[in-house]
Each structure stands twice: as structure tokens, then as C-alpha cells.
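Undergrad: Can you build the whole structure from these sequences, using the hints too?
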Amino acid sequence: MGDVSSSDTPLKATFKVRLNGETVTLATVGQAYRFITSVSAIEWMEFRSLHDDAVTALERAAGNAILTVQATNALRTLFVRAKLV
Numbered sequence: 001m002g003d004v005s006s007s008d009t010p011l012k013a014t015f016k017v018r019l020n021g022e023t024v025t026l027a028t029v030g031q032a033y034r035f036i037t038s039v040s041a042i043e044w045m046e047f048r049s050l051h052d053d054a055v056t057a058l059e060r061a062a063g064n065a066i067l068t069v070q071a072t073n074a075l076r077t078l079f080v081r082a083k084l085v
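When we follow my numbering, the leftmost residue of the sequence shown carries the number 1, and every step to the right adds one.
Calculated directly from the structure, the hints in this document are not laboratory data.
Note that the structure is a prediction, hence the values are computed from the model and not measured.
Beta carbons are placed, not taken as given, at the ideal position from N, Cα and C, and that holds for glycine.
Treat the hints with caution; some may be incorrect.
Stated by the list, open to error - Simulated crosslink set (SDA-like; lysine to any residue; CA at most 25 Å straight-line):
(1) Lys83 <-> Met45
(2) Lys12 <-> Arg60
(3) Lys83 <-> Trp44
(4) Lys83 <-> Asn64
(5) Lys83 <-> Val17
(6) Lys12 <-> Thr77
(7) Lys16 <-> Glu59
(8) Lys83 <-> Leu50
(9) Lys16 <-> Ser6
(10) Lys12 <-> Thr37
(11) Lys83 <-> Asp3
(12) Lys16 <-> Lys83
(13) Lys16 <-> Ile66
(14) Lys12 <-> Gly63
(15) Lys16 <-> Ala27
(16) Lys16 <-> Thr28
(17) Lys12 <-> Ala82
(18) Lys16 <-> Ala65
(19) Lys12 <-> Val39
(20) Lys12 <-> Phe47
(21) Lys16 <-> Ser5
(22) Lys83 <-> Glu43
(23) Lys12 <-> Ile66
(24) Lys16 <-> Arg48
(25) Lys83 <-> Thr28
(26) Lys83 <-> Gln70
Said to hold, decoys possible - Cβ-Cβ distance ranges computed for the label pairs, FRET-style:
(27) Val80 <-> Ala41: 31 to 41 Å
(28) Val85 <-> Ser49: 12 to 22 Å
(29) Gly21 <-> Ala65: 32 to 42 Å
TA: This is how it looks when you write it as C-alpha cells:
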């Protein structure tokens, strides 16, 4: 599978997430993975199950581009519930 955080596999949607007054654009598996794994685990505590699902989906999508639909859907669910998008 390689390093998930360096994956250039495009997601099925581009997310523009506003965090600390800055907009972060997430268009690839690697960008999304770095974003959701670099934020403190405490920040995701309320959404732990959704966060875990998104991390797992991104890890799978990094190894198999066909799985980007599931990864995109997992991210969308996490970001909507966390009110980031």
C-alpha cells in the first residue's frame, strides 16, 4: 500500500474545510489523511467512530483507487457531523 499520507489518488469530491480561520482544500487521499490524522485525537473524540471509519477508508483507497467513493463518503459524513463543511 505504501505511505497513505503521500497518496495522490484523487477523491471523488474536493472538500474545502475551514479550520482556525483558514480554508484547507482536500482533493486527494493523502491530503485528507494528513488532515484528519494531524488534528489532535481529542478534537475527534466526539466523532471517534466516524473518524476511525474515514481513516480506514482512506488507507484502503490509497491502495486501491476504486475505493475512493467509500473514502469520500466516509469523509463527507465525518465533516458534516463535525460541522466542518
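Undergrad: Hint by hint, where does the structure go against what was stated? Just the numbers, ascending.
TA: Of the numbered hints given earlier, those the structure breaks are 4, 11, 27, listed in rising order.
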